[in-house]
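Asker: Given only the sequences and the hints, what does the whole structure look like? Please build it.
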Amino acid sequence: MNKPLIIALMLAAGLVGCSAERISNIPSYKLKVIQGNELDPRAVVSLQPGMSRQQVQALLGTPLLRPAFRGDQWDYTYEVSRNGIVQEQRNLKLTFQNDQLVKAEGNAIEYAVEQLKERYGEQIEQQPAVQQQPQPASELIWTPDR
Numbered sequence: 001m002n003k004p005l006i007i008a009l010m011l012a013a014g015l016v017g018c019s020a021e022r023i024s025n026i027p028s029y030k031l032k033v034i035q036g037n038e039l040d041p042r043a044v045v046s047l048q049p050g051m052s053r054q055q056v057q058a059l060l061g062t063p064l065l066r067p068a069f070r071g072d073q074w075d076y077t078y079e080v081s082r083n084g085i086v087q088e089q090r091n092l093k094l095t096f097q098n099d100q101l102v103k104a105e106g107n108a109i110e111y112a113v114e115q116l117k118e119r120y121g122e123q124i125e126q127q128p129a130v131q132q133q134p135q136p137a138s139e140l141i142w143t144p145d146r
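Numbering (UniProt numbering), first residue to last: 1 to 146.
Treat the hints as calculated values from the structure; they're not laboratory data.
Not one of these hints is a red herring.
Label-pair ranges, simulated between beta-carbon atoms:
1) Asn83 to Ala12: 32 to 40 Å
2) Ala58 to Glu105: 15 to 23 Å
3) Glu79 to Leu5: 55 to 63 Å
4) Asn107 to Gln48: 14 to 22 Å
5) Leu9 to Arg82: 37 to 45 Å
6) Gly84 to Leu11: 33 to 41 Å
7) Glu114 to Gln73: 23 to 31 Å
8) Val80 to Leu15: 37 to 45 Å
The beta-carbon is built from N, C-alpha and C at its ideal position, and this holds for glycine as well.
Answerer: Next up, the structure:
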């Protein structure tokens, strides 16, 4: 057979395998990366003003971040990503004053309320439970982060 024809056919067959269209159709496995603290929704809505650091840590676990220069703040962060693209992210920032919880903010509060409504059909307030006696707004501020 003709040697140049065989070489040309082999090169053409080899180049077909390099087609960008074919390569893009081949699925590649990308690892799902989970980082941070996954918070139990029931624990998040159970936070109450005046809780000690030990009570909060027993309820939520160790915070992911404790800022070096802000000892009165704890940050809980949870993130799920695949192929470098963030698919899910929740944050909860707790502020303490004299070792007592005074403020909680972040989208983890709103997420916890939604999850409990979906799971149990409970009528849950937007804010975590508060004590029986009304408190001045300056003592406790719960704000979902949007």
